[in-house]
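If you want the building blocks of each chain, they are given just below.
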Amino acid sequence: MAVHSERVQTRSPESGEAVVAEIDTSAAGGGAEGAAPKRTRSAGGPGIGSRLAPYLLLLPATVATLALLGWPLLKTVLLSFQNLNRRQLVMHLTEWTGFDNYKEQLTDPDFWAVTGRTVVFTLVNVVLIMVGGTLIGLLLNHLGKRMRLALSIALLMAWAMPVVAATTVYTWLFDEQWGVVNWFLDQLGWHSMADYNWMSDEYSTFFVVILLVVWMSIPFVAFNMYAGLTTIPKELYEAARMDGAGSLKIFGSVIFPNLKPFFLATTFLEVIWVFKSFTQVYAINGGGPEKLTRTLPVHAFLEGSGGQHYGVGAAIAVLTILMLGALMAYYFRIMIKQEDEL
Amino acid sequence: MRRSLFGRTWPNVIAVVLIVFFAFPVYWMIATAFKQDRDIISKTPVFIPFDATFDHFSTAVNAPDFWTYVTNSATVTVGAVVISLVIATLAAFAIARMRFRGRKTFVLVIMMAQMAPWEVMTIAVYMISRDNDMLNSLLPLTLFYMMMVLPFTIWTLRGFIAAVPKELEESAMVDGCTRTQAFVKVIFPLLAPGLMSTSLFGFITAWNEFPLVLIVNKEQGKTLPLWLSSFKTAFGNDWGATMAASTMFAIPVLILFVFLQRKAVGGLTDGAVKG
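Protein chains in written order, with my numbering: chain H, 1 to 342; chain F, 343 to 617.
Worth flagging that the hints you see were computed from the coordinates, not collected in a lab.
Keep in mind that the hints are not guaranteed to be accurate.
Distance condition first, Cα-Cα at most 27 Å in a straight line; then the derived DSS-like pairs of lysine-lysine [as the list claims (entries may be wrong)]:
(1) F:K508 with H:K260
(2) H:K249 with H:K260
(3) H:K75 with H:K103
(4) F:K508 with H:K337
(5) F:K446 with H:K337
(6) H:K249 with H:K234
(7) H:K234 with H:K291
(8) H:K291 with H:K103
Can you make the complete structure from the sequences, with help from the hints?
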């Protein structure tokens, strides 16, 4: 028994490091899983009972998904075709209006401004997160043991911070009067920043939001990058170095090709996460000043629940979901291919 | 050999800057929570609270309804995690160990559900809860949080189950166990660490959830994230109390993470990176 439980642990190998994340072990484990069951199944000549078994096992999960995820999705779509404001909500009226909400949104310059802003917001964040995370992952790989541990702990703290708590702390760091950031900038000699109100301007609000999102998201990428690097055989680096390759060349010819699945998957995950991020944008400044920092999820929420135009909010939600769907389609194609290879 | 790339000093200097960048906000939250008011609002920031006080924590704890928020959060979170664990174990076993028609579709749905845009579906969730007379209970929140963590739980457990050698189960079946018995007696005990870490990550997700509670059930379903976000307004500019509240909210998660990361970061990244 002891032997077997050890084999289980190989999935998350213990080492002296603070953070251990093995990406490639999962691929190896998955490979063994894929081929074997097929043979057993067909050889055994399964009866009706065992043929039904998987479906029975999946039944609760399927029911839950349909009821708790499918239903809200469907409901959102239905609401988007209704004229539903506070009056209709309180009086339980259903007023179908066809595509009116969509026409209104698609011809509204505000909606397109929000959409454009969301795209830029996502792009900026994801580039910063991926580049920053990759560089920090490489750095972790280069540091001595103690420094690596210290940096890992710092990264872990940022990663573990609950979003709402982190947002509150950032509001405090950037507080107009008592914020330590303003004090620091003043000390550096930038005296006009001593009492600067970061929330008074679109760009400085976004600066705070982006800093917060990047701060929270980099650790995930950095840890995975570091874990990925530890799976690359040392001989590959040595061979590249023998050929006279510099750091950049090594990244391009050894690291990137080896970790391509990691880069693809993480980038798309970050795109989706950043695109959807709500709490950071909403809680920092409520989409203000003057609606200028609203991104799509915040816009859907504020127009719908805040403005009590629930039908309009639902239409924005559906448009957001469609855009997410387009992003995800590509991502899932890659994922499904991976699943086929298992 | 390795260091020759950058030299010795620069990586360390950069690392120190990064350590400050990532750790400082967390440190600043905790430090502010312990500071005297005069140190919080001083023109020159006080970096180390030598004169520490617990006053802000008692302000926060004695705030109206604090314990309601704690109890609600705990109930909803534990309920969501337990239910999702049961449902997920069954499903994970099926997709990790069995081949059947529709398996791939199910896996795809699970991956997509993991990306579900809950942030924009709040209106629908609210109306569904209302139409089913559930606005006065914690049930809708529990169920929807359960759904939020379910796909991730299935995905991670699937990995843990797949890692248990198949031969173990087969030898148990040769010894006369049924498949169910083989699962309960052989696999289940080996899954304990997986179940632990999966449920803890589920716990963190549900504990943190914010957008949904913002609209659904504001009155009866008060949970801690909502409490925290309302704190600034409730206490005006009482940053000490706000940071004490944030610290109390974050500490359980920070501690869980420290315990978890060695064992479970592998599982987390498997689940996350693969979908």
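To see whether the hints hold, each was checked on the structure:
Distance restraint check for K508 of chain F and K260 of chain H: the Cα-Cα separation of roughly 30 Å exceeds the 27 Å cut-off, and the hinted pair is therefore not satisfied. Pair hint K249 of chain H plus K260 of chain H holds up; C-alpha atoms about 16 Å apart against a cutoff of 27 Å. At roughly 19 Å between alpha-carbon atoms, K75 of chain H and K103 of chain H fall within 27 Å of each other, so this suggested pair holds. Of the supplied pair hints, the one linking K508 of chain F and K337 of chain H holds, its CA atoms being roughly 24 Å apart against a limit of 27 Å.
With a CA separation close to 11 Å, the supplied pair K446 of chain F and K337 of chain H stays within the 27 Å bound. Proximity of K249 of chain H to K234 of chain H is assessed by CA-CA distance (about 16 Å); at most 27 Å being required, the pair is judged to hold. For the proposed pair K234 of chain H and K291 of chain H, the alpha carbon gap of about 52 Å is over 27 Å, so the pair is violated. With a CA separation close to 21 Å, the supplied pair K291 of chain H and K103 of chain H stays within the 27 Å bound.
Violated hints for the displayed structure, listed by number in ascending order: 1 and 7.
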